[in-house]
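In order, the protein sequence lines correspond to chains A and B.
Each residue of the first sequence is one higher than the last, beginning at 8 in our numbering.
Each residue of the second sequence is one higher than the last, beginning at 399 in our numbering.
Treat the hints loosely; a few may be bogus.
What the hints assert, rightly or not - Keeping only pairs whose Cα atoms sit at most 30 Å apart, straight-line, the calculated BS3-like set for lysine-lysine is:
1) B:544 to B:713
2) B:492 to B:425
3) B:837 to A:35
4) A:199 to B:764
5) B:409 to B:425
6) B:425 to B:810
Stated by the list, open to error - Which chain A residues face chain B? A few, computed with CB under 7 Å, are given here:
7) 41
8) 43
9) 45
10) 48
11) 147
12) 201
13) 209
14) 212
15) 291
16) 294
17) 297
18) 300
19) 302
To be clear, the hints were calculated from the coordinates, so they are not data collected in a lab.
Even glycine gets a Cβ: it sits at the ideal position worked out from N, Cα and C.
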Amino acid sequence: MAFTIGAGILNLLIALGLSPLYEGIVRKMVRARIHSRQGPPIRQPYYDLLKLLGKEDMQVSPGRLLSVAPQAAFAAVLLAALLVPMGLGHAPLAPYGDVIVLIYVMTLAAVSVVIAGAGSESPYASIGAGREVMLLLVVEPTVAIALLIGVVQTHSLHFSSIAEWQLAHGLTAPTLFAAVALFLALQVQAGKLPFDIAEAEQELMGGPFIEMSGPKLALFKWMFWAKQVVFASILTAVFLPWPHITPALFGGGDVAAVVAGALAVVVNLVKILVVVVLIGLVDVVVPRLRIDQALNYFLALMFVALVGLALAFVS
Amino acid sequence: MTSQELIDRIKREFGEQVLEAREPAPKAVYFTIRPEAVVRIADYVSNEMDGRFLITAGTDERPLPEGGFRVSHIFSFDKDQLYCTLQARVDGDKPAIDSITPKVRGAYWAERELYDAVGVESRNHPDPRRLILADDWPRDVFPLRKDVPFDLHPDPDPEARPQMAEPPEGATVFPIGPFFPVLEEPAYFRVFVEGETVVGCDYRGFYNHRGIEKMGDSALTYNQVPFIAERICGICGFIHSTCYCQAIEQATEIEVPIRARYIRSIMLELERIHSHILWLGIAGHIIGFDTVLMQSWRIREPVMWLCEKISGNRKTYGMNLVGGVRRDIRKEDYDEILRVVGKVGQELGEVIDAIGGDTPLMMRLKGVGHIPVQDAREICVTGPTARGSDRWIDARTDHPYAAYDEIGVEIKVHSECDVLARTLVRLEETLEAVREIQKAIPEMPDGPIMAEVHEIPAGREGVSVVEAPRGEAIHYVLTGDDNHVYRWRVRAPTYPNLQSVPVMIQGEQIADVPICIGSLDPCFSCTERMEVVDAKTEEVKVYSQQELTELSRSKRR
């Protein structure tokens, strides 16, 4: 119980408190640098959130769906943050939720975006919602298949067992397939180019988010940043859990356990940063794809993931 | 074909339908024809002789001795470097002339504007809706008639309604505009979609018509007009002032000194460079590729500084006057000009290489926004839009002006007809502009930059074409008394190009519509000739359409 609470607080701190920092680093160090720009300060995303949270909430379309959607999406990502290990080996809610729960919770976050679009009367929002559904239908199965690869290899639905199995068996081919599929799907999950097709500022003026303003917009932005970190952590802590930091490295004992735990969390944070920077890098060097091109791309990726799954069954 | 052969051929073919043939300036032929024959002759000129329709100018000549209204359909024979103008005179309370649009598709907007502006109706026009005037402008006030003062504020027509087309059965409306963030200027494309696929489109623009033509032929003198003309467009303003001055110079046979012609060419090419690079950035932004935007605008910025150094202004140089230019290019600036454009050329070369190897970018540009060669010919699109569709037209070689004959121009043409082709045409043209400047600077002769201009006689006509970055700008002038131009007709390059949008986006995805429209490098302000009104209020108030209209009117008065 103590672990659940402690790790829970840690994970929420990372997902909520540090995710804007990651975004700020990407904007300043990656985006602005490639643009030959000075860029905003690294703490800018925090300012953005503060400003938006204090602003007036403008809503034109009637109905409660628009208010519920950002809250549902935000809550779903917070819950997901508690279902994923972030360096400590176990997820905070490990005894209560597993891979299957995570898949449901993450889908809820994506569906909330669709609800936000469907709740608005703007034609841009409904087209954006339609595109989000199409993306959802190809990306969520890809993620699920990637996670299933881990499950099939280890015969366990728990992230901690999957991570332990990886540490024991080294990098296998199916794991590699899963990691690639997860990484590429992450681009969509984080709402980054070339797959920000549902928002498509230049075509749909924000799509589902066209009527989001003030606190609602802040929640959605925060949700995307947190989601990016949570998903990156599945990749770094579950499928690529190296280097393995054990208390034994520090001579054993209680102090060593604390040191090892702290170091593992820090190492995981650095690994997340690498993933986030890579995502940010892809984001600046490609144009947006059309929805049909994106669907084809993900159908191909789904096939790759299925090959990985077949390999996992065979081995 | 020489101008004499053209005159002979038209006279032989149509006999007494042709009342008069004139060639007041070399290579500019004017036919006065009977109004009944206008469709037959226009059909012959356009479809038999492959003349390219440029624009229609309507002139209210009731105060003049001839009386009535003069309708001038201006055509161009590009290979022969000839202008051919068909003029017919119509009269009466409700003047009307047969529409040539069924035979000459390019006249589609020009004839609608003819009615809006001077009230000459085009009989049998397939789509006689209002084009340039506001929806609630009164039905019986035609602003370019001479009895309408330039500062008239008529009461709005209370029964006016927007006349937009309704979507076909089963399709829904996807509105792009009237203010769409990517286009950044007012234009309303009412796109009809089935799912994500475009099945049709209707266009309404000209939301903020500024009435610059009216101002030019009523309130301004000959040498004031170039400064207003330059403000028609915020990017390629210099082409408009050049074009206007050239039209006057042609009408009155003013010989512009060679150094002034070189300076015009150099400024025009500098404008082409910064305009094309600006476009490249915007095109990148439209498809979500902001790195292209940031990098290309970084490359462009030194050109703006250079223009500021030469003219005192980043844009809107204010250098043109009838008869030459007001400001010389200093010899000590030559090196810097060569250095800046050389650097731009080199950096742009790197960008072109990078673009060629970018697969996702190619996926968005290739095969998108197809304008078939036949449609490009019939709609009479111009500039890179035409040259991307295998049309070998470029005013710099078709109607040589400024110093282009001396410098020499290589036309860049691609035949793929898609967005990629238009992109490549623009990029190659930018490099070509760099080469032209590098050639022009060392060989620019010394000498005066201004011809001596005496009084400008009345009743002379001139037509001039300038190759703007977006296509051809056309100015037609009829000189008048008292140091005033009697009629000044402007056609901006985006005017014909925008008419190709329905062809281009038919069957495309919604996602491709912005880049398709963007690939024209549309300059709505050129066609709009608009006015920006900035209204600031402290209180939050929701305005009705009526109140907004009144507010905008009260601000303008």
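Of all the hints given earlier, name the ones this structure violates by number, lowest first.
-> 1, 2, 3, 9, 10, 11, 19
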